[in-house]
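Colleague: Can you build the whole structure from these sequences, using the hints too?
Protein chains: 2
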Amino acid sequence: MRNEITPVRHGTMRARNLAVVLGEISRRQPVSRARLADVTGFTKTTVSSLVAALKAAGLVREDGPVRDGERGRPATAVSVNGDRVAGLGLEVNVDYLAACVLDLGRRIRHRHIVAADNRGRAPERVIGALTDLAERAIAAAGDQGLTVAGAVVALPGTLDRAGGRVRTAPNLGWRDVAAGELLAGGLPTLALPADQDNEANLAALGELWFGHGPELGSYVHVSGEIGVGAGIVVDGRVFRGAHGFAGELGHVVVDPAGPPCACGGRGCLEQVAGQEAILRAAGIPDTVGTSTAGPDGPLAALVALLRDGDGPALAAVRRAGEALGQALSAAVNLFDPDTIVLGGIFSALAPWASPAVEEALGGGTGVVRHAPPRLTVSRLGGDAAALGAAALVVERVMNDPALLMEASAHPHGR
Amino acid sequence: MRNEITPVRHGTMRARNLAVVLGEISRRQPVSRARLADVTGFTKTTVSSLVAALKAAGLVREDGPVRDGERGRPATAVSVNGDRVAGLGLEVNVDYLAACVLDLGRRIRHRHIVAADNRGRAPERVIGALTDLAERAIAAAGDQGLTVAGAVVALPGTLDRAGGRVRTAPNLGWRDVAAGELLAGGLPTLALPADQDNEANLAALGELWFGHGPELGSYVHVSGEIGVGAGIVVDGRVFRGAHGFAGELGHVVVDPAGPPCACGGRGCLEQVAGQEAILRAAGIPDTVGTSTAGPDGPLAALVALLRDGDGPALAAVRRAGEALGQALSAAVNLFDPDTIVLGGIFSALAPWASPAVEEALGGGTGVVRHAPPRLTVSRLGGDAAALGAAALVVERVMNDPALLMEASAHPHGR
DNA sequence: CTCATTTCGTTCAAGCTCTGGACTAATTAA
DNA sequence: TTAATTAGTCCAGAGCTTGAACGAAATGAG
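Those protein sequence lines, which keep their order, are chains E and F.
Numbering that gives the first Met the number 0 applies: residue 0 is where the first sequence begins, and numbers increase by one.
Numbering that gives the first Met the number 0 applies: residue 0 is where the second sequence begins, and numbers increase by one.
Rather than coming from a laboratory, the hints here were simulated on the basis of the structure.
Fair warning: there could be bad hints in the mix.
[Unchecked claim] Only part of the chain F face toward chain E is listed, based on derived beta-carbon distances under 10 Å:
1. Arg15
2. Asp94
3. Tyr95
4. Val252
5. Ala330
The beta-carbon is built from N, C-alpha and C at its ideal position, and this holds for glycine as well.
Modeller: What follows is the structure, given as structure tokens:
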């Protein structure tokens, strides 16, 4: 009943084993070939051969002899070479554009955020500006001797990833935009095909790579912005559902008798816990066109009110927290995550919102689970999705390094 | 960040390619080697070799020459051999035990349901009775020349699958039961290790194999019994979450102000749409100890009332449908399924419950999705989970036929 | 200081599996 | 009867991993 068991040839075998060894090197670096043979189960011969290939491709480096304290011939340590290959992460959001270059050693080599009011701006112009940002990032990478292997773009909307199109991005005012083509037109051709993904998914991935990390376990990352989305990560992988639209937390119904939503439903979470709803309830005008996140933005104004103990603001945020908690408890029952991460605007509002969230989560999970999931707050800034996008490129290389190794040598057709 | 890229050896390659060919045979049978070479991309040589191995293992059969209407040498058709290997599915539920034997050709060869009041009965005794059932099923298989390759047990509770233990099965009154050991003690050793899975997951799988089939796409299968669970299938695979507890629909909160639930929450779905809640609201005594599903059970009584247009019964079921729709709309937003399947008691109640479900689903999915998911009703009877369990065994063989082929020949260590 | 011991990594022949072209087999069309 | 066409097998060859033997580089005992 399952579809996707693909034929394996020698090339495929080699490609996967390269990934196995590269992954183990990354996990344990610096590490000797002997130890790699141990942990992978390969013979020393095979490890040597695989390491040699990775080294030739510049993905791996020999650090020279290292005596491990014991007797015997000292090992030559091998580690991931962070100075040759990098991934480019790009992000389009309502009020900014971001780019970020991440090398294979997981060091951020370049990071650039530009405020920009993209609401209702023509997609061509937005992508044009993004392309500029990307070119500057690629140049910056080049200056450091890095080759950008691929790029991923984070977009705040629903995507047809296979077709490279944005279906709808309500907060940008986009509808059926061929973002992939537009971007491909402006960028140099990279070794890996460019890809797009949802902002919420990538922000979640960013949290895994640059925030709390693997201790998160499986988690739901709430990306509160204008809309409310969630990125769901299970066993280190983003769960996208069958069509890539999973995790639409914003339209989970929290009050069946509530006001109608643009989506056709009633009482969706977004109408209580979306940024605009919160601001409205707190009595702050949502100045469209102003940078939301900036120091003068409405979000800063809200936080100031909260600090001052302003009643309506506190009530609005508490109400949002309750609703968020309710929607998240559904997500907890359905996904069984270890952790919930509050990101986006909720990261700033957490001191006031999270008690209500925690209360809602603490309740309804007793029969099945031993304990409610941990609740944490994102440490990342606004460009979390750009970071996650770059991480996705690096992950892709790590998972199939053969993609970057002379195509002639290993044509493991898929 | 991902963990599980495993080394590939020659044996692994062979094993996976055997699965590729076997899968293609199953999908297209009867089919010639030449066509298999075409669709898999293997050379004719390789296909012949793989088919020969499968044939030697009794998994595949040659049907003799077949002229395909065109000119040229006629092909020899190959198809899955349904007469040698079978899977055993077992099910423990509150008021019955079930067993089912499914051959590799997906034909049900044996099916047996026994009414039994398992509430509060000692786990040893229940498993003992199940073992009897299993032995009879294995004997019945043997009489038909079938070898049972493996078994899967469906249990109504939360499981630690790796450890072979039942954590809690509230409706059975079980707590931390080593079901795996108990069963292994009573059964002959099979080629594949026995396994357990949640009743809801397996019922969902049963629907895919013996109900509506692949046209379901990705779907959420609601298993309404005493509790309310959901099996989630994405791309033909059961989604279990990180710990196997995903899909706990019954404890999604549908009314934060509702009555407290045993799980610690308030207003869980189960308190409105669980069997006991519905019966109570409809004014029917839930006679504990009586077979629920039988012709004299309370469920039959409820359906009779509904047929007669009884006011409280109609209201109770309608209310359950509303609540179920609300919880499902959360699942729809979070999982993005193509279809919702109503199973278990909801299958019988569907004529009265589904309008409310449909209404709830029709609303809140407009922005993201083009249309709400299809709503269908399960066609399967009470032993859906036993069928799914047997299907899981067959699926396992199809996905790695090498498991059944002389271990000496292909030790593809994982 | 020398030699046995230990561990690291390479070399080389061998084995497993897929590939590709040649070959045989079985049928239709002319 | 012969040419054309399609199915399946045979066999040499190539890619990748294996395993044993070997050389290299260190430590420790005498």
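Colleague: Each hint: holds or not?
Modeller: Against the structure, the hints:
Among the interface hints, the one on arginine 15 of chain F holds; its C-beta lies about 5 Å from the nearest C-beta in chain E, closer than the 10 Å criterion. The interface hint given for aspartate 94 of chain F is broken, as the beta carbon of that residue sits about 20 Å from the closest beta carbon of chain E, more than 10 Å. Below 10 Å, beta-carbon pairs count as interface contacts, and tyrosine 95 of chain F has none with chain E, the closest being about 23 Å; its hint is therefore violated. For valine 252 of chain F, the suggested interface contact is upheld, since its CB lies about 5 Å from the closest CB of chain E, less than 10 Å.
A hinted interface residue such as alanine 330 of chain F counts as satisfied when its beta carbon comes closer than 10 Å to some beta carbon of chain E; here the least separation is about 6 Å, so the hint holds.
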